[in-house]
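Protein sequences appear in the order of chains A and B.
Take 0 as the starting number for the first sequence in numbering that gives the first Met the number 0 and just add one per residue.
Take 0 as the starting number for the second sequence in numbering that gives the first Met the number 0 and just add one per residue.
Everything labelled a hint here was simulated from the structure, so no lab data went into it.
Computed from a prediction, not measured in an experiment: that's the story for all the values here.
Glycine is no exception: its CB is placed at the ideal position from the N, C-alpha and C atoms.
Watch out, some of these pointers could steer you wrong.
[Stated by the list, open to error] Some chain B residues judged to face chain A by a derived CB distance under 8 Å, without partners named:
(1) A34
(2) A37
(3) G43
(4) R44
(5) A45
(6) E84
(7) H88
(8) D90
[Stated by the list, open to error] Distance condition first, Cα-Cα at most 25 Å in a straight line; then the derived DMTMM-like pairs of lysine to aspartate or glutamate:
(9) B:K153 with B:D172
(10) B:K153 with B:D112
(11) B:K153 with B:D196
(12) B:K153 with A:D47
(13) B:K153 with A:D50
(14) A:K191 with A:E203
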Amino acid sequence: MRIFDPHIHMTSRTTDDYERMRAAGVLAVVEPAFWLGQPRTSPASFADYFDGLLGWEPYRAAQFGVVHHCTIALNPKEANDPRLQGVLDLLPRYLAKDRVVAVGEVGYDEITPAEDEALTRQLALAVEHGLPVLVHTPHRDKAAGTRRTIDVVRESGLPPERVLIDHLNEMTVGMVADSGCWMGFSVYPDTKMDVDRMVTILGEHGLDRVLVNSAADWGRSDPLKTRAVGDAMLAAGFSEADVDTVLWANPVAFYGQSGRLDLSSIPAELTTAHVTTAATAAVAAGGDYAGNTVLRGSPA
Amino acid sequence: MTTSNVPEIPLTVLTDEGSRWLETAMERVRADAGALTALFPAAGRACGRGPVPGEPGWTLDEAVRARLLLALPQTGAELGETLFELYAHGDAAERLAVLRSLPALEDGGGLGDAGLPLVRDALRTNDARLVQAAMGPYAADHLSDHAYRQAVLKCVFIGVPLAAVAGLDRRSDEELARMMADFAEERLLAGREVPPDVWPVLELHPTLLTRIHALIGEER
């Protein structure tokens with residue numbers, strides 16, 4: 000089983016997690032920029048964070064055979080802090096980087112005017128930089144927040160196929176399916192979505208435009224939930240090809256729209272076994288850069 | 000234009016589109032150093048990332064980025080500030096390109112010591128690629144004795160081959176050999192392997208080598 004976790008905050012995870020993920024079949028991850036538990040108070044902290052997402056973290060991931068890309072944004076929660084308005088001015092510089100495959104996580108937290116402003120400006124940046132967008136939906140008042148998100152995305156002029164709306168549940172999946180946007184599900188130990196509900200939703204809504212992620216971070220979460228969903232799909236009668244569609248081809252197709260997804264360092268035998276058109280196209284778009292395979296630091 | 004250590008990019012390697020991009024980008028940088036903030040990260044996407052024929056170790060995006068840096072109209076401290084800023088906001092590939100361009104920028108832009116802050120920054124990281132790129136001819140010419148020795152020892156620690164480190168022939172002094180001997184001793188006492196790169200440095204200083212050989216004898 001080859002797995003692409005399209006949403007995981009590896010900055011908050013240990014090297015043990017990378018080893019376990021790789022052993023479970025996770026070959027590639029996307030780490031969205033988000034908040035860190037402790038609020039930041041200056042744009043400089045964000046610059047250091049973004050630099051880590053583009054520098055140390057992909058390097059660390061490569062030591063364990065995992066390909067790391069990221070998405071860059073000012074998250075909705077911290078968009079409410081006036082001291083951080085300068086982060087929006089930093090973004091164009093970071094959205095120009097090779098390993099940035101989307102703008103994100105953007106969206107709503109408390110649904111405030113400051114969040115509206117940050118969301119609108121960042122959707123415009125996505126259009127300008129030719130990047131897809133990863134949209135977070137709020138924990139509280141989720142259905143209303145998701146509906147409003149869909150409206151704002153529509154007004155931005157971004158085509159729905161370039162937008163992934165994440166952390167969906169039974170109440171919000173239908174409206175996102177109707178919008179034409181991609182549907183993201185974060186499978187957590189307790190909250191958001193669990194493995195069995197996920198399999199039920201896949202049975203009801205099909206596999207088209209569906210992404211499953213662990214959204215693992217510094218809270219109660221599990222980086223192996225993607226694998227657990229794959230196993231549960233097989234147990235429920237889905238085929239291996241179905242699992243590959245949800246856990247590999249769909250995320251590759253979504254982030255491949257950036258033209259910057261580079262999976263060329265994954266050994267060929269792991270990617271040619273079940274080559275899909277979307278995966279092939281994305282690898283071609285990313286070129287043959289072998290930067291992740293050279294000069295790995297050997298343990299001293 | 001040939002500038003020390005930055006490879007010529009054979010015209011056959013770039014597509015017409017890539018070659019036009021590079022020409023235009025260099026013109027823009029000559030007119031305005033600020034243009035680099037958008038052009039520098041885009042080099043790989045615009046021109047490719049494959050190897051440069053006849054220039055082992057250089058990738059196309061690196062060589063293109065080096066060309067862009069050489070187009071900067073600045074010199075000395077001002078050039079150093081621009082480089083540090085680009086490096087500081089660069090991803091790993093951009094940082095590598097800045098580090099590898101330093102010798103050429105010294106020749107072409109009178110950089111002097113002004114590139115040292117970014118070399119020191121790279122040497123503080125744990126990314127072996129950055130450490131290796133930092134230990135080129137520019138570091139060999141400009142790092143203090145103490146900083147150079149520390150950097151060489153760090154290379155041995157994190158697995159950067161000393162064959163890739165510039166200046167060892169003239170800068171391997173007795174103090175560096177002493178540090179290597181202590182490191183070898185520490186490893187031997189812990190029952191761990193001594194990295195092979197330690198020995199050539201020690202062999203230049205027979206007394207130190209004797210001490211370690213005695214220790215290996217005792218262990219046996």
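Task: Hint numbers not upheld by this structure, sorted from lowest to highest - done: 1, 5 and 6
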